[in-house]
Amino acid sequence: MSDKTSTSNNSFLNDAGNRALIFQIALLALVVFVGYYLFSNLQANLANRGISTGFTFFNQPAGFPVLIHLIEYTEADTYGRAFVVALINTFVISFIGIFFATIIGIIMGLARLSRNWLVARLATVYIETLRNIPLLLQMFFWYFAVLATLPSPKNSILFGDFMLNKRGIYSPNPIFQDGFGMVIAGFIIAIIASISLIVWAKKRQTRTGLWFPAYWGSLGIIIVVTLLAYWIAGSPIEFDLPQKSRFNVTGGMVLPPEFVAVLIALSTYTGSFIAEIVRAGILSVNWGQTEAARSLGLADSLTQRLIVLPQALRVIIPPLTSQYLNLAKNSSLGAAIAYPELVAVVMGTTLNQTGQAIETIGLCMLVYGSLSLSISLFMNWYNKKMSLTER
Amino acid sequence: MAIIFKPSPSLPPPVNSVGAVAWIKQNLLSSPLNVFLTLFSAYILYLLLPPMIQWGIIDATISGDTKSACTGGGACWTFIKVRFDQFMYGLYPPEEYWRVNLALVLLIINTGLFFVKSLNKMIVSLSIVLVYPIVAFTLFSGGIFGLEHVETSLWGGLFLTMLLGIIGIVASFPLGVLLALGRRSDMPIAKSVCVVFIETIRAVPLITIMFMASVMIPLFLPEGLNFNKLLRILIGITLFSAAYMAEVIRGGLQAIPKGQYEAADAMGLTYWQSMILVILPQALKLVIPGIVNTFIGLFKDTTLVYIVGMFDFLGIIQLANHDANWLGTTVEGYAFAGFVYWAFCFGMSRYSMAIERKLETGHKRN
Chain U
1 MSDKTSTSNN
11 SFLNDAGNRA
21 LIFQIALLAL
31 VVFVGYYLFS
41 NLQANLANRG
51 ISTGFTFFNQ
61 PAGFPVLIHL
71 IEYTEADTYG
81 RAFVVALINT
91 FVISFIGIFF
101 ATIIGIIMGL
111 ARLSRNWLVA
121 RLATVYIETL
131 RNIPLLLQMF
141 FWYFAVLATL
151 PSPKNSILFG
161 DFMLNKRGIY
171 SPNPIFQDGF
181 GMVIAGFIIA
191 IIASISLIVW
201 AKKRQTRTGL
211 WFPAYWGSLG
221 IIIVVTLLAY
231 WIAGSPIEFD
241 LPQKSRFNVT
251 GGMVLPPEFV
261 AVLIALSTYT
271 GSFIAEIVRA
281 GILSVNWGQT
291 EAARSLGLAD
301 SLTQRLIVLP
311 QALRVIIPPL
321 TSQYLNLAKN
331 SSLGAAIAYP
341 ELVAVVMGTT
351 LNQTGQAIET
361 IGLCMLVYGS
371 LSLSISLFMN
381 WYNKKMSLTE
391 R
Chain H
1001 MAIIFKPSPS
1011 LPPPVNSVGA
1021 VAWIKQNLLS
1031 SPLNVFLTLF
1041 SAYILYLLLP
1051 PMIQWGIIDA
1061 TISGDTKSAC
1071 TGGGACWTFI
1081 KVRFDQFMYG
1091 LYPPEEYWRV
1101 NLALVLLIIN
1111 TGLFFVKSLN
1121 KMIVSLSIVL
1131 VYPIVAFTLF
1141 SGGIFGLEHV
1151 ETSLWGGLFL
1161 TMLLGIIGIV
1171 ASFPLGVLLA
1181 LGRRSDMPIA
1191 KSVCVVFIET
1201 IRAVPLITIM
1211 FMASVMIPLF
1221 LPEGLNFNKL
1231 LRILIGITLF
1241 SAAYMAEVIR
1251 GGLQAIPKGQ
1261 YEAADAMGLT
1271 YWQSMILVIL
1281 PQALKLVIPG
1291 IVNTFIGLFK
1301 DTTLVYIVGM
1311 FDFLGIIQLA
1321 NHDANWLGTT
1331 VEGYAFAGFV
1341 YWAFCFGMSR
1351 YSMAIERKLE
1361 TGHKRN
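Note that the protein sequences, when read in sequence, are chains U and H.
In terms of my numbering, the numbers along the first sequence are unbroken and rise by one, the last being 391.
In terms of my numbering, the numbers along the second sequence are unbroken and rise by one, the last being 1366.
Certain hints may be false.
[What the hints assert, rightly or not] Using 30 Å as the maximum straight-line C-alpha spacing, the simulated DSSO-like pairs for lysine-lysine come out as follows:
(1) H:Lys-1191 - U:Lys-329
(2) U:Lys-385 - H:Lys-1258
(3) H:Lys-1258 - U:Lys-384
[Said to hold, decoys possible] Computed from the model, here is a short list of chain H residues facing chain U with C-beta under 10 Å:
(4) Ala-1190
(5) Ile-1296
(6) Asp-1301
(7) Gly-1328
What the hints contain is simulated information worked out from the structure, not anything from laboratory work.
Given the structure is predicted, the values throughout are model-derived calculations rather than measurements.
Heads up, the beta-carbon is just placed ideally off N, CA and C, and yes, glycines get one too.
Bound-form chain U, shown alone (with noise of 0.2 Å):
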């Protein structure tokens, strides 16, 4: 064949480099145009309708109350501060659900795998149920026909100095008095003595082979140094009790139905995604390798810590991480529930005071766009460190 005729077959749209050029251009040309048409319609629809851009809002009085909040709000605050005493709600029953979730995750996952038959099976129908059903409607669930059932403050459950009604879980509130900087330097001084023992122990156990109980070790001594602090101390902390008045209860420490229905719901929801992962995790684990570990003469639970359990970790952590991710974001299905978290103050109540779509919206993107960026950083650092070190 001669080099006229490739060429001829060879034009300038039939080379891959050429096309995919000629492709990306026009995809570039796209997006660009479609950006840029709806944000010139943007601009004339704010126009048209009189809305001002930017956060000016922001230093507007709200007027509107927060139920829950950890720092000072009244209905006389910002915008703004409203948006922090929002974010904050978000943050904790993020950090709270994933801590509960994650417990819930290991102790089913281990169930389902259990050699007992009922435990396995139970486990099994919890996952299987919960896994199933959409979380809103485990939200309401718990909210609507549980917590708003419970009876009224009046005919309030007791546990001890617990009490459980309509309006909440009530416990005593804990109140530090003057000589409570002395517990507190006390369980800093054991934290510093039991980290010493373990690295004593664990280089003691390098060059000699013998073996210190360093773990429980340490866990004494954190407990024995920080009660003998308090009590040299002259245990400086008072209980402020709940108290039955006529129609409500005043004092103590409570909990709000809605940040407890939200909290069920989150935590036994993304549990039972998180024992499946567990359960995938333990099973990725080769049975050889329990094999290999039994004929050295490991005992069954050195086995489980030093074999099976670092290897399941890095299956494990992966979509461990992506389920964290999912419960921070599902979260904000507090809002129907009217958990005032960032979705149900931000993107609800300002949204309809100030008609402010963009940036309100806007800014939740961004909020949980950082907040998803920031834990997977974390998982993927933590991951790092745990993958398997090659030769």
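Based on the hints, put chain H in the right spot on chain U.
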């Protein structure tokens, strides 16, 4: 005379190593910890099961038409019975229910055609994707052929949930494949557009996308041009689901060995030929569980339309729960909703397992 060795018949296994007793011993009582766990589980079952059966079946009422009929102290299933049509069709006018039913029958028939061997599957797929939606929309919305027009704001109940779920699933899958291919592409601009889209969507909760669809989209369109809220929500759900789908499919694409790509290239297949004929069939098969999980997630996520003011299955039950004539039937409503959602999602996950087994062509070692 030769001595013939006659083994005596083997003894039966000891009684306590076969049968029910041995099974219980092995699976429930093999160690002190196991005995404790068994007792603990049995106690939990004892706490949960009898009251549930008592409430849901023994003391339950299903006869009658009003709340006053429920006197047994148990569940009031009368509530579900009386409201059943509303739960299924939402606020759709009752005399037009047949249109929704007809559309459902047509869908079942159309899907059933897949199992007729003599028909070309391509034609059946095209009829589902192109012809059926037009027919169904005409039936639902009306306005022509003498059918009464029904506003989309009246669509609701399980009908709306199914509509959102099915359209979302059918539309998000091809979009997800395209996004996944785009993210794996060598073209830097195409790749970055896909990455930015996927990562942005995945970083935010669905509820913000819903708000965007219901509040923000009208701001981005020229004055006068506006389209239906249901359609906007559908676009939102589809885009959201497509981003997750893309990541699942990308996992499958990455798992295909490089040799497959190279072999397809060596055969002289074009990019699309090699993708459609060689890579995607293998990649998609690998990630069936992930794809179905995304579908299940989408189906569950349709409940969020309630927050932007549409009455899907959960929404209409929530509405009925606040009816002053039926106070105190909240648990029944949620139990019914939970059961229906559970049945759909669990069914989907079992079906995916069946498909996985059917398509299994690898060589299992055991």
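**Request:** Output the numbers, in ascending order, of every earlier hint that fails for this structure.
**Result:** none
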